[in-house]
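Colleague: Heads up: the sequence lines are chains B and C, in that order. Quick note: the first sequence uses numbering that gives the first Met the number 0, first residue 0, plus one each step. Quick note: the second sequence uses numbering that gives the first Met the number 0, first residue 0, plus one each step.
Every clue listed holds true.
Okay, the calculated beta carbon distance ranges per label pair:
| id | chain 1 | residue 1 | chain 2 | residue 2 | range |
| --- | --- | --- | --- | --- | --- |
| 1 | C | Glu111 | B | Gln57 | 48 to 56 Å |
| 2 | C | Gly132 | B | Arg207 | 33 to 41 Å |
| 3 | C | Asp27 | B | Leu303 | 52 to 60 Å |
| 4 | B | Arg207 | C | Gly272 | 42 to 50 Å |
| 5 | B | Ile304 | C | Gly132 | 39 to 47 Å |
| 6 | B | Leu303 | C | Asp211 | 51 to 59 Å |
Here's a subset of chain C near chain B, in silico, CB distances under 7 Å, partners left out:
| id | residue |
| --- | --- |
| 7 | Pro78 |
| 8 | Lys79 |
| 9 | Lys94 |
| 10 | Val96 |
| 11 | Val98 |
| 12 | Leu107 |
| 13 | Gly108 |
| 14 | Leu115 |
| 15 | Tyr142 |
Output of the computed footprint for chain C on chain B, the stretches with three or more beta carbons under 8 Å from beta carbons of chain C:
| id | stretch |
| --- | --- |
| 16 | 176 to 184 |
| 17 | 194 to 205 |
| 18 | 310 to 320 |
No lab work stands behind these hints: they were computed from the structure. Just so you know, these numbers come straight off a predicted model, no measurement behind them. We put the CB at the ideal spot given by N, CA and C, even for glycine.
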Amino acid sequence: MFDLVSFIPRAVMQGIPLLYGSTGEILTEKSGNLNLGIPGVMYVGGICGVIGSFFYEQAVPAESMNAFLAVGIPMACSLLGSLLMGLLYSFLTITLRANQNVTGLALTTFGVGVGNFFGGSLIKLTNSEVPSIALSATSAYFSKSLPFAGSLGWFGQVFLSYGFLAYLAVIIAIVASYILKRTRVGLQLRAVGESPATADAAGINVTRYKYTATCIGSMIAGLGGLYYVMDYACGVWSNNAFGDRGWLAIALVIFTIWRPNVSILASILFGGFYILYLYIPSGLDLSVKELYKMIPYVVTLVVLIIVSMRKKREHQPPASLGLPYFREER
Amino acid sequence: MTALETVQNAIRMEHITKRFGNVVANHDITLELHKGEILSLLGENGSGKTTLMNMLSGIYYSDEGQIYVNDKPVTISSPKDAFDLGIGMIHQHFKLVDVFTATENIVLGLEEPGRLDLKKASQKITEICQRYGFEVDLNQKIYEMSVSQKQAVEIVKVLYRGADILILDEPTAVLTPQETDKLFTVMRNMKADGKSLIIITHKLHEVLEVSDRVAVLRKGEYIGDVATRDASQQSLTDMMVGHAVSLNINRPDPVNVHPRLEVKGLTVYDELGVKRLSDVTFTANSGEILGIAGIAGSGQRELLEAISGLYPISAGNILFHPESEDEKAPADQKVRELVGLDPMAIRKCGVSMAFVPEDRLGMGLVGSMGMTGNMMLRSWRKGKGAFLNRKEPETLANRIWKELDVVTPSVSFPVRRMSGGNVQKVLVGREIAQEPAVLMTAYAVRGLDINTSYTIYNLLTEEKMKGVAVVYVGEDLDVLLELCDRILVLCGGQVSGIVDARTADKRQLGTLMTRVGGGSVHA
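The following block holds chain C by itself, in its conformation from the complex (with noise of 0.2 Å):
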């Protein structure tokens, strides 16, 4: 930039570090916003946007650095620090009370002087709709919008607490492209009437629409920023994904390669009737580690949930082929149709998910219970009569316990209690157990440390090695890069390409997931 003079920053972040644990989520990043600017803030999932920003907004504190607001040093403790500096953050998932009106949610919490005056505080927020152009009917019950018109609501909410420095987590990934439009035009009105903006995203044609600077972040580091005019598509994925690090991750041989599961053309749709995968077609073989890689929530969890028949297909073909195509062989052992069979019927034929879910205990695993009863989940249809049949479980949580090195007191100790990347182990060495023919994993690594990490890893590659169709969902390139022998890259719900994992590079990569349904770079 030539005139440095001019330009004012209404935030400068310096020499930030949040550690969380030995996890270290940003590490000694100094970012500055400028007055009257719409910063992109980009990066992958997990590289440390929204913990950096959530220090902003008074959520997390900061270990080391200094932040500057109006280039003066302030402290932000508490979100209501960052409201009295006039910071205001809209998060992915909004904080509104369902049964109140727009109204209501607006003004709560406000200690303003004298009695509640709900029309007068509609008047001052009638003005603030139509300075900026937002469409809310004030007197409409929350659980009655769209999300688009909650979006609306906290926007109008921080702007009415008199934010100037506005934050805004991923607001368009609930979006539809027109919706997104018209945030776009808010967010402009916004500016021109002063207003300091940063958006997080990772939508690259996003980020060149809007913005008009990009900052990027990568693991947690700060990579740099550009003028939006000076960037293009492809150079922002080069900064996001970076170079290729070697993780050595010990990667046979795929043998004995022969069709497992065929998907073809499946089609699903969300309770909201909104697209969610979209003619996805590929195979996944045997002796092989199938990655998935993909923008979170491009339609990962739907796949996998759709091929364990958890998830109502719309349309399209899903062939389990099993270990002997003998034309002779009996009804179960012939290639079979898994579309319109329940989950149990799918797991029978050996098709087994380790899904790891955000919460981690939300699927798959009972947290009160010990690893005992959480291997009994899965076996407590193989006893006679009504009695159940505790033993082999419990050998079988002994053998995860020493075998996987997993931390806790004993098999009946709560899984709860312990710690996420146990947790872990104990989920995906269940499902490997069950001696699938198919092994879905999604995040199967994710919140560990390297050594687990590696463990993992090999157990995949174990189990590879014995002829199972591995699917491995992942976050980190890196890893489906060099553990993975194909990986099919999902982009909105849509397979953008499917490339060989022992050639493709970052880079490839990176331009297939933000590219929308496979189109022109410049989408």
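Isolated chain B (complex conformation) (with noise of 0.2 Å):
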């Protein structure tokens, strides 16, 4: 039989790094800027909370190890490392106006080669024989579930068998969501990424919200990448190990029509479906597993197309995503 109560909390840590992700695309895209670095942004993220906690590692040893710093340290790098990448995706897209879709591409690209680059070097500086990272003790404060959690049965392990930074993602993409939809910091933003001409007539300062909104929502996305390697990687860094979830929160955010409180399950939803392939007996025919792989995708496709096909205004993406903002050209 499907055995739904170890399937479920393993489908829920696969799919907190896609909340993290689209939860951070969305209030960026929000803001009209289409930010496809998302998964270099990730990747960024994950490194840097690495390699903090590496160094914190090494400079203390595991039983000293203070539990706030251990979690602290990693987490102030992993937010800085993707506030760098958010800021340098403004400075080109707003303030030079590049065309956003070459920046985020190419922003994945340099995410990748610098997590691929630092990986690199620090798994050349422990001179271990294995092409990997292992900070288990820092890992160890990052997934540390609730004491009393393993007495619950299947109620624990389904709903409290996770790290912090699990439950930090849930409560984001409700802080999120509600900001959005009920305050007024939220309904200018979606002024801005709508239409920037009327919220600049309107008195909105459009370059601070759409510096504001990307930054932030790199900082959250890249959270995502650090609980990858922290909780779900059990603390293990191999270079390209964090594969193609970037890509799959940017999905997300199509399939979630850009809202953060439907992520939550949407994103768990995506996770089943990418781990769906273990839990179905294939055999050992490996093509058929990379089918089952597929689904995300297909389900993403397949919901543009009912979306596209509906024609509601308020599905459709923010009106100005993608598109520069000048003030002059009237």
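Could you use the hints to bring the two separately framed chains together as a complex?
Modeller: Right under this line is the structure:
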């Protein structure tokens, strides 16, 4: 029989990086910036966390590690790294008005390159036999779940078995949803993404909103990379292990029609699709497994087709998504 | 006015001058808006009405002059400054977010203390709507609204911000007569409430209907103001068009005149089902320049596009008479019906259009390509096989470059980066090079300096002498009167008259242009 109790936690753990990525990208896109650099940003978020914790672990023996610092240092590093990526993207597309697609794709390539370079360097520093770094001490802090979770049977396993970053992702998604829908800041942010000229005429500082949304979005997405390494991968970094999760996060943005709260469940669904092949007896036929891995993308395509056919204006991307804004051009 | 002491000025603009490069858009204008009145700002297209008002709303900043609001000197350097002074402008192009509701649009950008409370805002908006008689569904999304509803939202938005002085830029241009009546009722209600209003328009009957006073601009200059009760359509028309100015455009008599293009009963509807042209009938003759005059949006664009096969035609005929009217001539040289032909086939007959739209590059030229590339847009079908012939277009580009004095570093320099006048030369030059039988130009000299304009006039006259039927859609009545042989006047999609340019005067044209449906003067 299909083992739901073990399937769901694994789907959730797969889904959390996607949830971070999609929440960050939704905030960014609501400001009219199509940041296709999200995979690179997440990758940088991951490696920066690894660098931070690597040096902390090197400096302090595992027994005397401070829990607060063990979590705080990688998190701060990760946020800083992805913030810099967000600033780079913002500077190029908002201030210099470079093409957003090109900038985003370049940023992805750049981010993966940066990650692999520093990942490779660290692996060299450790003189390790295997091409990976294990930061198990730090990971232990990140993936610590509530002490009584184990004693609650299936309930504990499905709902309480995750590290704090997983819950943070859900909280961020809910807060982001609330801000977008119910607050003045959210209303103005959406106006910037829909029609920057209108927002400008209404006295909203378009550039500030775009910068802020893109940078905060990048930082949230970067946490997805951090969660992946520290919790999901148990602190083991190896180059290119992050895979195509960044692109899945972008697909998720479209799948949820730009709604972070929907993304909470949708990311778990995508996570489930992502590992479905492990739970379906497919024998040793590798090609069938690859077909299962396609499911998230196929579902995204189906959603795009349905949404495009229904032509509901609210379900369309922000109207000025991908377009630079010049005040003088009227 | 006798009660001078009791009149208070809401706004006084003193000696305002605004230049854009070499063009003087407003020259030494002094304008007053009294408290609690509706002032009409009247003038032809390009007379500087909108520019002047944009200086009040903070979009432009004047080069010279001083603005007073409530008799205090002020500096308005941004839309926010204007808001703070209680000045609100409703632009022709609405600034609204389509997927937001009316309420969301109205509160957008306001920094009110506390959290966003749309319910409380809705109550306040409903009060405003009831006070002035707006009919707005506050929870409706903008994209579901009609144009007049959107306009109402714009006005409410300005009122919600506490504006006492409202400027409406051609608010009736997009409205049906019933909607216009409703708007005027609302405007009178606002006036009764003590607000001061400026309405920019060029429709005389509206001026007479709604305003208390009329100020007239012509070519960037302030002509004067009159109390509406002392004005008539005729007196306003005279102020608007002014006296004839002699331009000394070379105009030889037409030669070898015979019908080339016969348009009969042409009627078209736009995608919204609004009638854009109604029963338009005229003949364009070879060896003659036919001018088309009319207030912007009277159907000029639709007419040219319909003739070139780009606009769906719901009724009427367009007959093309070729050079020889020989019965034995092959089929493609006989009189042909153009309605129903595709644009390519119409082009083959020799009907050529050089339409210079407001954004110049929008139609006809590709901004990122050079002159050669743009020449090829017309000749790419000529080549054999899969390869393009670059040689001929390049020769042509070089010829236009030299003959028309196009200022550009090379023929491969992107046209987007040329100045407007040079772009126009490229466009018109290319169309002329096709050796058309009918040459249609719209706003061919828009934004050009005087010398370049003359170059274009001479080009058109040359074409006329070659026996081409030239159709010239223009804005400047003086030019139309001196360049063209006959002038067709469009008003609201109808032909309100065809006059001989040699005997007609500006006054006659002005009257025809503003007379709806060619009816009585007091429409």
